[in-house]
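Note that the protein sequences, when read in sequence, are chains A and B. Heads up, the first sequence is in the numbering used here, so the first residue is 5 and it goes up one at a time. Heads up, the second sequence is in the numbering used here, so the first residue is 2 and it goes up one at a time.
Be a bit skeptical, because a hint or two may be false.
Here are the in silico distance ranges between beta carbons for each label pair [as the list claims (entries may be wrong)]:
| hint | chain 1 | residue 1 | chain 2 | residue 2 | range |
| --- | --- | --- | --- | --- | --- |
| 1 | B | PRO224 | A | ASP167 | 25 to 35 Å |
| 2 | B | ASP19 | A | MET70 | 30 to 40 Å |
| 3 | B | GLN138 | A | GLY128 | 49 to 59 Å |
| 4 | B | LEU279 | A | ASP169 | 26 to 36 Å |
| 5 | B | SER148 | A | PRO170 | 21 to 31 Å |
| 6 | B | ALA231 | A | LEU75 | 35 to 45 Å |
| 7 | A | ASP171 | B | ALA271 | 17 to 27 Å |
| 8 | A | GLU50 | B | SER18 | 22 to 32 Å |
| 9 | A | THR42 | B | LYS14 | 11 to 21 Å |
Which chain B residues stay away from chain A? Per the calculated CB distances, all over 10 Å, these [to be verified]:
| hint | residue |
| --- | --- |
| 10 | PRO26 |
| 11 | GLY74 |
| 12 | PRO183 |
| 13 | VAL209 |
Bear in mind the hints are in silico, worked out from the structure with no lab data behind them. The structure displayed is predicted, hence computed values, not measured ones. For each residue, glycine too, the CB sits at the ideal point set by N, CA and C.
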Amino acid sequence: MKAQRVPEDEYAAFMSRAYAIELEATERYAQFAEQLETHNNREVAELFRKLAEIESRHAQRILAEMRWPSLPALPPAYAWETPEGPETAPFDSLHYLMHPWHALEIALRCETEAKKYYDGIAAGRGPREVRSAAKEMASEEAEHIRLVREWMSRVPRPPQGWDEDPDPPRMSE
Amino acid sequence: MNAPLVAPLLQAKDFKSDYKPVWCPGCGDYSVLAAITKALAALELRPENVALVSGIGCSSRIPAYTTCYGFHGVHGRALPAATGLKAARPDLTVLVASGDGDGYSIGGNHFLHACRRNVDLTYIVMDNHVYGMTKGQPSPTTEPDWSSKLAPGGTGVREFHPLVIALASGANFIARAFSGDPNGCAALIAEAVRHPGFSFIEVLSPCVTFRPEQRAWKESVHPAPVAATADPARAARRLMTDDGFNIGVLYKGDRAPFRPGANGPERAVADLEKGFQL
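The whole structure should be built from the sequences, with the hints applied where relevant.
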């Protein structure tokens with residue numbers, strides 16, 4: 005594998021981070037889909053696949069906007085200041101009996117965190133070009149929040165006791 | 002964010018195999034797998050130069066999920082297998098994966114002697130205070146009052162303190178990580194691999210199925226208030242007040258790693274075989 009191109013300026017560095025955020029979110033949703041496929045919760049697995057596809061489109065759009073012929077250099081994944089990227093759902097978000105509504109609730113949290121992250125940069129002291137790009141990203145995330153909320157309104161809320169399993173993996177206390 | 006823009010040769014995903022993990026959704030071990038692969042990518046290692054050795058249990062499935070060499074061995078015996086591998090192939094980076102049952106109970110004695118021997122290994126123990134694979138029996142790190150159908154009223158037996166044992170037995174690097182912080186965990190694993198000798202990392206990795214209350218660990222963990230020390234006496238004093246949720250490096254010793262042949266004449270494998278000929 006060839007070494008990757010390193011962004012030359014702060015704007016390119018910011019956009020490469022934005023790309024890394026979208027890529028990490030894509031990978032996490034794809035992992036969630038795999039986990040739930042393994043545990044035979046196909047409806048939610050399919051929803052996570054859709055979310056991964058949406059995040060992947062966002063990542064591709066950044067590449068196209070930047071006219072990067074190859075992938076930008078990414079910061080080492082473990083060097084984020086937070087436990088993971090701002091738009092990445094934690095591994096412990098899942099339950100094997102979860103409903104589509106829960107998956108969307110996770111997506112809503114992630115989009116909200118991403119908006120907060122970009123809002124912070126937009127309000128910071130970085131170069132004008134970076135602040136302006138961050139403002140644009142924040143407004144895109146706000147639109148995603150609106151779309152996820154709309155999606156949630158079309159999905160039934162889980163009934164009480166959704167996590168009760170008549171044949172549980174653990175013995176009852 | 003202040004991460005330098007560096008272009009790693011391989012990405013974390015290059016260390017993941019095509020086998021899909023079968024852990025319960027929400028399990029902390031997914032995070033540990035992510036942390037290991039991120040650490041290996043950050044260390045600019047290649048899968049063919051790394052071996053992952055494990056015993057038995059949920060956490061011990063990890064070698065199959067990576068593209069590195071792997072050995073899913075006998076219950077509790079990951080450390081002797083890894084020691085032999087490192088002795089025979091010192092050029093390999095050898096990581097050992099275990100859980101609190103496999104590593105501290107069945108393999109408890111090997112743990113003591115691996116610390117004492119100080120071979121250049123990185124031992125990652127995913128601790129969830131329970132035997133998950135066999136449906137929730139108390140393990141050596143289970144709290145004495147944890148009551149369950151299999152141990153009504155709790156075992157009443159004081160829990161094992163892995164960091165105390167590691168320090169007393171001579172481990173050269175001792176740290177605690179939390180699976181809920183995969184990036185922090187990756188950084189600690191990378192530091193442990195770089196440190197010569199036997200490096201031990203206890204990773205608090207919740208079992209969401211048999212210990213769902215461990216989801217709250219994310220509220221309890223906190224960075225260790227003091228930096229790592231090279232003084233075992235100071236490290237021991239710190240452990241006296243450890244609440245079990247201090248995250249970070251506790252101890253970084255400077256003991257030279259054990260290398261076979263360093264203390265005597267090196268012998269060829271053919272010479273050794275002669276002794277076993279009938």
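Here is how each hint holds up against the structure:
1. PRO224/B to ASP167/A: 25 to 35 Å: With a Cβ separation near 33 Å, PRO224/B and ASP167/A satisfy 25 to 35 Å, so the hint holds.
2. ASP19/B to MET70/A: 30 to 40 Å: Since the Cβ atoms of ASP19/B and MET70/A sit about 31 Å apart, the hinted range of 30 to 40 Å holds.
3. GLN138/B to GLY128/A: 49 to 59 Å: holds (52 Å)
4. LEU279/B to ASP169/A: 26 to 36 Å: violated (58 Å)
5. SER148/B to PRO170/A: 21 to 31 Å: Since the Cβ atoms of SER148/B and PRO170/A sit about 24 Å apart, the hinted range of 21 to 31 Å holds.
6. ALA231/B to LEU75/A: 35 to 45 Å: holds (41 Å)
7. ASP171/A to ALA271/B: 17 to 27 Å: violated (58 Å)
8. GLU50/A to SER18/B: 22 to 32 Å: holds (24 Å)
9. THR42/A to LYS14/B: 11 to 21 Å: The hinted range 11 to 21 Å holds for THR42/A and LYS14/B, with Cβ atoms some 18 Å apart.
10. PRO26: violated (4 Å)
11. GLY74: holds (24 Å)
12. PRO183: Nearest chain A Cβ is 6 Å from PRO183/B, so the label is violated.
13. VAL209: The assertion about VAL209/B is violated, with a minimum of 7 Å to chain A.
Checked against the numbered hints above, the structure violates hints 4, 7, 10, 12, 13; every other hint is satisfied.
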